[in-house]
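Visitor: Protein chains in written order, with this note's numbering: chain W, 1 to 399; chain S, 1001 to 1423.
Since the hints were made in silico from the structure, they are not lab data.
A few of these clues could be false.
Stated by the list, open to error - List of simulated lysine to any residue pairs, SDA-like, C-alpha gap at most 25 Å:
{"id": "1", "chain 1": "W", "residue 1": "K397", "chain 2": "S", "residue 2": "K1288"}
{"id": "2", "chain 1": "W", "residue 1": "K227", "chain 2": "W", "residue 2": "E298"}
{"id": "3", "chain 1": "W", "residue 1": "K367", "chain 2": "S", "residue 2": "I1280"}
{"id": "4", "chain 1": "W", "residue 1": "K367", "chain 2": "S", "residue 2": "I1278"}
{"id": "5", "chain 1": "W", "residue 1": "K88", "chain 2": "W", "residue 2": "S109"}
{"id": "6", "chain 1": "W", "residue 1": "K367", "chain 2": "S", "residue 2": "R1056"}
{"id": "7", "chain 1": "W", "residue 1": "K309", "chain 2": "S", "residue 2": "L1313"}
{"id": "8", "chain 1": "S", "residue 1": "K1094", "chain 2": "S", "residue 2": "T1316"}
Since the model is a prediction, treat every value here as computed from it, not as a measurement.
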Amino acid sequence: MAEKRDKILGSHKMNNASDITAKAVVLGLGNAGTKIVGELSQLNGSSWLSIGAADTDKSSLERCGLQNSFPVGFEWTHGTGCGGNVIKGERAFAHPSRTRIIEFLSGASLVVVTGGMGGGTATAGCSSIARAAKKMGIPSIFIITTPFSFEGHSKRETAEGGIKMLLTDADIVISVPNDILYSSIAAHTSAEDAFKKSDIEIARAVLGIAEIIRCRNILSADISDFKNILQKRKSLCCLGLGSAERSEGENFSHIALERLMASPLLGGTENIREADAVILTLTGGPELNIAEMRHSLEAVQRYTENDTKLIVGANTDPLYADRIQLTLISVRYEFSPDAPEEFSDVADFQEQLASDQPELPLLPVSKGIFTNTSRNIFSSQDLDIPTFLRQGVHLDKGR
Amino acid sequence: MFRNRHIITAVEIGTSKICVLIGEANQQGHISVLAHGESPVESGVVCKGEIIDMDRVTRYLDEAIEKAEYAADVDIDSNNLYISVTGSHIRSMKGSGHVIVSGEGRRISQEHMVEALRNATMVPIPPECVILNSVDGNFLIDGLRRIADPEGQIADKLEAFAHIIYGNRNCIENFQAPLRELGYDGSIPVFSAIAAASGILTDDELKNGVLMIDMGAGTTEYMLFHDSGAQASGILAVGCDHMANDLSVGLDLNISLCRKMIGDNTTHSRKEHGQAFIEIDGNIGSRKIPAVSVEKIVDLRLRELFGLILSQLQSTRMLPFIDRGIVLTGGGALLPQVREIAGSVFEAPVRIGSPLELSGSVTNLKSPRYGMVFGLLKHGDRDRQIRKSGPEGPSGAIIKNIDRKLISASRDTMRWLKNAIKF
Chain W
1 MAEKRDKILG SHKMNNASDI TAKAVVLGLG NAGTKIVGEL SQLNGSSWLS
51 IGAADTDKSS LERCGLQNSF PVGFEWTHGT GCGGNVIKGE RAFAHPSRTR
101 IIEFLSGASL VVVTGGMGGG TATAGCSSIA RAAKKMGIPS IFIITTPFSF
151 EGHSKRETAE GGIKMLLTDA DIVISVPNDI LYSSIAAHTS AEDAFKKSDI
201 EIARAVLGIA EIIRCRNILS ADISDFKNIL QKRKSLCCLG LGSAERSEGE
251 NFSHIALERL MASPLLGGTE NIREADAVIL TLTGGPELNI AEMRHSLEAV
301 QRYTENDTKL IVGANTDPLY ADRIQLTLIS VRYEFSPDAP EEFSDVADFQ
351 EQLASDQPEL PLLPVSKGIF TNTSRNIFSS QDLDIPTFLR QGVHLDKGR
Chain S
1001 MFRNRHIITA VEIGTSKICV LIGEANQQGH ISVLAHGESP VESGVVCKGE
1051 IIDMDRVTRY LDEAIEKAEY AADVDIDSNN LYISVTGSHI RSMKGSGHVI
1101 VSGEGRRISQ EHMVEALRNA TMVPIPPECV ILNSVDGNFL IDGLRRIADP
1151 EGQIADKLEA FAHIIYGNRN CIENFQAPLR ELGYDGSIPV FSAIAAASGI
1201 LTDDELKNGV LMIDMGAGTT EYMLFHDSGA QASGILAVGC DHMANDLSVG
1251 LDLNISLCRK MIGDNTTHSR KEHGQAFIEI DGNIGSRKIP AVSVEKIVDL
1301 RLRELFGLIL SQLQSTRMLP FIDRGIVLTG GGALLPQVRE IAGSVFEAPV
1351 RIGSPLELSG SVTNLKSPRY GMVFGLLKHG DRDRQIRKSG PEGPSGAIIK
1401 NIDRKLISAS RDTMRWLKNA IKF
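Let the hints inform the model, and build the full structure from the sequences given.
Guide: Here it is, written out as structure tokens:
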């Protein structure tokens, strides 16, 4: 009997082990991407990732000092970069450089690519990597920044073009406008610090997302959950990460939660409340106890509405000894996913014709004295708008 | 003689009025109202239960307190000062906790009950929130028998259920801020639905199941009781002001006029007298508005409001347990059609709740408008007794027999008791 139990326990352990060895490849493209992965390699808990960087600029690759650095297109640029030219960037990711990168990606269960859109290398490189990953059957996630508004219209157009190309092949694209990224940093921060901080912020986001594929040994949530949610339609994503160490106090899970909520890219708790779906992953050390886990997961659940789709993953890892890390991705669809199609049925359509013609719903709705007060949304209805307006009841105003 | 006077003050910062009641508790546990101070609040100062204009609220509150203090001829005791808290940030949840009953003969003692209840209130809430109140629910013995007072029963395991109300810390402190500004520190916040329930519900209703709906000017709170414990509660940021606003938007009328129309039931009395129109003197001459339009707007809003409460409660599966029906209170309960509409939405008998067992020199409080603030006074008296309770202490069921040892042994227990409510 005891032997049998040992056997079961043993096999269970083996399962755990195999999940932890899931390999995630993180690739930084271009100048910005190289810096981000440089920061990522410094972060606690990133040692399980295989991190690489690819750039056309020699000096930026030397600065990051990563083992897996791929100089692309050096054969003809001689390491001077591609000067924001997308065509040059595409050429750089052509045959000889590409095979080296494909070699690096092989065997991965997830590819996370990061970079700053709008330049040459990342704009062209992202779609090239996306195609490669698709061919190899590896799910790919792209976390990219888009240029500042002061960088001008042309750069933005380049970036948008790059994203459009990327969307056809990538599984998930999360784009973070630089303007938003920097708006959360105090105005008196020195410029150097600000850039470093935002690089770290993106690096943490990459780390948090990569964590998803490992969330199997306690509560499972994986990349297909993520894909399911994001692929439905165009959506707005916000991402937050909070971590804390046990040495910071007994309530360190609470501290992590507070940090998560204060994450600059998350955009506040209000954002979670309005989300259509929330993906939450928790990683802790092997000593993480059930109360701490429940505390964090339940507290996040309180932020969400009842109809929010909540996907929760939890994972333990010796790397996270005495630490807890929470990653939250909130997703808001541009349109409600369950919105019924109008006139889906012929019978409905006829019924509609038979009744009185309703007033056009295009009139701006008035909220009167509640115009500038906090919103009052309840099961997707704004209760501050008069009921008769929402129900389309016609009234005699007298004369 | 003078030392034994217990002055309790209840303060309500509402959307339509700021109200201060000063009461005195006698030895028998009855409370008599000494004075009542009230300042009307115009539209836009407090909105949907949230304070918009802090300066004006502080000024009105000062006036109301002054009136009350003058009439009562006593000073407010800031140790016994209670303030009702409301707003859409308030949420509730069910907590459960258990203890393994050990000791001689496995008999459940008061200590076990306190321990189980305390475990029940240890629930994870978001970091920016604090627990406002917790209402004791009932107990489950060995996972089988549900009992309100399990003391003395033989059991292995005792589970306790509590209804926990929590809200945003800053929003709650916002209600205490004007009081602090006026020099009254340490006011005790109470969720307004709990206060209202203390003031208007009878013991029989609490025991057999009742749904209380407090329709204020800015918000509507509801709370469902069964078996002397709160089973569900909630808040909707919809009140009489919304009806006034609906009228204002729908019929192109001034908002203050609409507030007045809602307040004094103009339409209804006109209709009783056989007049089908309301004449309004506007800037561009007088206008005749069909009374039907006004009624329709108000009806739709009320129906929707009750419908929302109904849909919220349906998920709790507690609706079949409200044997004593619905009790409506707050200014909204004065609307002529409200009983009929509530009755048809919930399919249950409806009564209008006014302050119960009202005694004292102030006589104009017998109206649903004052159900909540009077309840707050009553609740305050009970809470005061719990806070100072010694061995010969108060009448609350669970507090009844707690011995001195338990109280002094742990300050933590005291802190817990401070916010706990037993109906």
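Visitor: Is the straight-line distance between the alpha-carbon of K397/W and that of K1288/S 25 Å or less?
Guide: Cα-Cα ~8 Å, so holds.
Visitor: Assess, step by step, whether the Cα of K88/W is no farther than 25 Å from the Cα of S109/W, and give holds or violated.
Guide: Violated, at about 30 Å.
Visitor: Please work out if K1094/S and T1316/S have their alpha carbons no farther apart than 25 Å.
Guide: Given that 25 Å is the threshold and the Cα spacing comes to 11 Å, the pair holds.
Visitor: Holds or violated: are the alpha carbons of K309/W and L1313/S at most 25 Å from each other?
Guide: The given pair, whose Cα atoms are some 21 Å apart, holds under the 25 Å limit.
Visitor: Are the Cα atoms of K367/W and I1278/S separated by 25 Å or less?
Guide: It holds: about 24 Å lies between the C-alpha atoms, which stays within 25 Å.
Visitor: Straight-line Cα separation of K227/W and E298/W no greater than 25 Å?
Guide: holds (24 Å)
Visitor: Verify the proposed pairing of K367/W with I1280/S, using a straight-line Cα cut of 25 Å.
Guide: holds (22 Å)
Visitor: Between the alpha carbons of K367/W and R1056/S, is the straight-line distance 25 Å or under?
Guide: Cα-Cα ~24 Å, so holds.
Figure legend: structure checked against the earlier numbered hints; the only hint not met is number 5.
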